[in-house]
Every structure is written in C-alpha cells, then in structure tokens.
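For the sequence shown, the residue numbers in UniProt numbering are 1 to 222.
Rather than coming from a laboratory, the hints here were simulated on the basis of the structure. One thing to keep in mind: the hints can contain errors.
Stated by the list, open to error - Computed cross-link-like contacts, SDA-like style, restricted to lysine to any residue with a CA-CA straight-line distance of at most 25 Å:
| hint | residue 1 | residue 2 |
| --- | --- | --- |
| 1 | K207 | I124 |
| 2 | K80 | I62 |
| 3 | K69 | Y148 |
| 4 | K69 | R57 |
These figures come from a predicted structure and were not determined experimentally.
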Amino acid sequence: MVSIIIPIYNVQDYINDCLYSVYIQTYSEIEVILVNDCTPDNSMSIAHSNIEKLKKRFNVKIIDHKSNKGLSAARNSGVKEATGEWVYFLDSDDEITPDCIECFVRLAERYLSVDFIVGGIRVIGRNISYRLTTSEYVIGNDNILKCYISGMWYEMAWNKLIRKEYFVSNNLWFKEGLLHEDQLFSYQLATTALTMATVNKPTYIYKMRMSGAITSSNGRKN
Numbered sequence: 001m002v003s004i005i006i007p008i009y010n011v012q013d014y015i016n017d018c019l020y021s022v023y024i025q026t027y028s029e030i031e032v033i034l035v036n037d038c039t040p041d042n043s044m045s046i047a048h049s050n051i052e053k054l055k056k057r058f059n060v061k062i063i064d065h066k067s068n069k070g071l072s073a074a075r076n077s078g079v080k081e082a083t084g085e086w087v088y089f090l091d092s093d094d095e096i097t098p099d100c101i102e103c104f105v106r107l108a109e110r111y112l113s114v115d116f117i118v119g120g121i122r123v124i125g126r127n128i129s130y131r132l133t134t135s136e137y138v139i140g141n142d143n144i145l146k147c148y149i150s151g152m153w154y155e156m157a158w159n160k161l162i163r164k165e166y167f168v169s170n171n172l173w174f175k176e177g178l179l180h181e182d183q184l185f186s187y188q189l190a191t192t193a194l195t196m197a198t199v200n201k202p203t204y205i206y207k208m209r210m211s212g213a214i215t216s217s218n219g220r221k222n
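Sequences and hints are given; from them, build the entire structure.
Okay, structure coming up:
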C-alpha cells in the first residue's frame, strides 16, 4: 500500500483539484493522510467536502496540528501515521496524473529492492516538463550520489515514492524549522540509498504562480 501524505496550509484555491487528482488514481491500494497544519483559511472545509468521496475508494486519515508547525513537521506527522509500505509526498497546491501511483508501484514491483523512485514533472505556468536523465534503475550509492550532484534528478521531496522502512531506518525525518528543507532531505536520500529507479514521464503537475514563484512556497511557515 502507498501512503500519500498531503500537508495542508493556505491552499483553499487549490486543494479541491489536488484531492480530485488523488481520487481518480488508477491504483487503488492507497492511504490518504491529510495533515492540517493549523491552516487559517477555508482549506480544511473544502477538504472535508471531498473526504466522503475519497473514503469510497481509500482509507483516509486526518491529522490536526494545534499550531502551525511548518511543512517539515507536517510531513513528519504524516510519515509517523502512515501504514503503507511506501510513502509519497504531495503538496496540496499541486496535482498528480491519474496513473501516477500505478507507474511508481509497477516499477517497485519490477525492482524489489529499490529504496526510492523519482517521477517526471509537468510544470503549469511555464508549459514545460522536467524529464529525468538517469537510467530507469540505478544501483550503488556512488552512482546515485553522482546522479544527484550532476542534477539528473531534482531535490524536491514530492513526487518520490519512498520505502517507509528505508526512510525510518536511515532517520530521514525532515529537519523542522529549516528553510529549503527539501534540499537537505534529497541530499540525505542521495547519500544513503543503495538503489533508485525513475519513472521517466510526467507524473506530477507542479503549479507556479504568474509571478513565477512556486505556489507551495508562499505563505507557509518553514
């Protein structure tokens, strides 16, 4: 099973589309974990309007932070509650393609010892796609680190399927209170993983504001 972890904070204009993209997944063995990071807007009201529909297909959990703890803490809370073999981070102002999780799982079934899998990105706002340049399967930490340093896979935490056992045993918890936490997280992946795989097609719809700023970076405590 795959646990999709979705932190929620100030995304009332986006959360409906995000959750719909989860609802229409072609893969069914999914656990959806919504982490309310004490959002001040109507994000959770909108999310609740989608939950009953989501529950018809998947197990759904809601975690409510009593105070705004930041993105790192929200992700960590989600991982702690996850019961799936795999965890997948989805920012609540983005979307995933209908076959996203299925594409990841099929690779995980092909490469049974893989630690994590990275997928391609389609960027909304710039009309471009980020396609990975690594091989479908990479063995050996030296090779994974070399690919990372060479920019062959991106440093954002989302759109990666990560084996939970690997995450926990390597103490990959997000550093709370740190800006640009994804950079440290991906560096930790690159320095600890022994195997990785890539879905070399867009599986993640990454939204940017007209100003060019990443939506998930705006108005969020880190």
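Are the Cα atoms of K80 and I62 separated by 25 Å or less?
-> Holds, at roughly 13 Å.
Compare the distance between the alpha carbons of K69 and R57 with 25 Å, and conclude whether the hinted pair is satisfied.
-> Violated, because 30 Å separates the two Cα atoms, which is more than 25 Å.
Taking only the CA atoms, is the gap from K207 to I124 under or equal to 25 Å?
-> holds (5 Å)
Are the Cα atoms of K69 and Y148 separated by 25 Å or less?
-> The given pair, whose Cα atoms are some 29 Å apart, is violated under the 25 Å limit.
Going through the hint list in order, the structure does not satisfy hints 3 and 4.
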